[in-house]
Amino acid sequence: MSLRSPLGRALGHGASATGAEHWWQQRVTAVALALLGLWLVVALLGLELGNRAALLAWIGRPLNAALLAVLILTAARHSLLGTRVVVEDYVHGIAKVPLLMALQFLHVIFAAVGVVAVLQIAIGGR
Amino acid sequence: MAAGKRPLSPHLQIYRPQWTTVLSIAHRFTGLALALSFPLLVYWLVALASGDAAYATALGWFGAWPVKLVLFAASFAFFYHLANGIRHLAWDTGRGFELSQAYASGIAVVIAAVLLTLLSWAFWLTGGGS
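Residue numbers (the working numbering), protein chains in the order written: chain H, 1 to 126; chain E, 1001 to 1130.
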């Protein structure tokens, strides 16, 4: 029998104190994306996708540009959380950590490029 | 006992696929598909910001049949992941775990995803937006 207290044995193992963060962020971004995703789909269905000028005018409105930028950031966050779990579940050995790192890099890069494109349209007068 | 020689419990291929299990793994697959489709949304925005010639090139790509099929699949993945995600959020409140309820909500999710996908494309292809 160990003389260590149950608390002493539990501390320092796994995701103590931060384990709920992943789960909670997944839910918060899920709710946000359900709303933002439906907004974008309805908006896109109402737009003429072949007409660049009309699309630029639509994205150029502050509310649309802001929501698009938030959608991109939220989608990247949600996607990173999800694909991270997939890698953690199925990839073992030497490839796991580089793959997790690559996932984070890719998500940050695509999110940054997407947001800059929206800002160029909205602010840069494209 | 060495880690590789431990007896295993009956594995996935033993079990008959059921609505609940298939829809569960489908949530993960559609999520992955959406992650892979995210660069398409970014590319579309970049092309829009880059000028008329770049956007014309992008339209050429998006109009090609293989890409159209990918977009169709991505739209289904979106609606499925959306509907099943709402099902998951409902489960998070502790409700709907009876087997009959899980089957009913699963079938509702599939019907909603198929209908929303087909209605969106029908609306778009008949020129609803323009």
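Any given hint might turn out to be false.
Chain H regions said to be covered by chain E (calculated; three or more residues, Cβ under 8 Å) [said to hold, decoys possible]:
{"#": "1", "stretch": "34-41"}
{"#": "2", "stretch": "46-59"}
{"#": "3", "stretch": "66-79"}
{"#": "4", "stretch": "82-95"}
Here are some chain E residues the structure puts well away from chain H; computed CB gaps all over 12 Å [what the hints assert, rightly or not]:
{"#": "5", "residue": "Val1022"}
{"#": "6", "residue": "Gly1031"}
{"#": "7", "residue": "Gly1051"}
{"#": "8", "residue": "Ala1073"}
{"#": "9", "residue": "His1088"}
{"#": "10", "residue": "Arg1095"}
{"#": "11", "residue": "Gln1101"}
{"#": "12", "residue": "Ile1111"}
These aren't lab readings, by the way, just hints derived from the structure by calculation.
Small disclaimer: the values here were computed from a predicted structure and weren't measured.
Glycine included, each C-beta is placed from N, C-alpha and C at the ideal position.
Checked hints:
1. 34-41: holds (count 4)
2. 46-59: Check passed, 10 qualifying residues.
3. 66-79: Our answer is that it holds, as 5 residues pass the Cβ test (under 8 Å) against chain E, meeting three.
4. 82-95: holds (count 3)
5. Val1022: It holds; Val1022 (chain E) is separated from chain H by about 17 Å at its closest Cβ, greater than 12 Å.
6. Gly1031: Since the minimum Cβ distance to chain H is about 5 Å, Gly1031 (chain E) lies within 12 Å and the statement is violated.
7. Gly1051: violated, 8 Å
8. Ala1073: Fine: 15 Å to the nearest Cβ keeps Ala1073 (chain E) off the interface.
9. His1088: violated, 8 Å
10. Arg1095: Given a closest Cβ separation of 15 Å, the condition holds.
11. Gln1101: Correct as stated: the minimum Cβ-Cβ distance to chain H is 21 Å, above 12 Å.
12. Ile1111: holds, 18 Å
The structure fails to meet hints 6, 7 and 9 from the earlier list, while all remaining hints are met.
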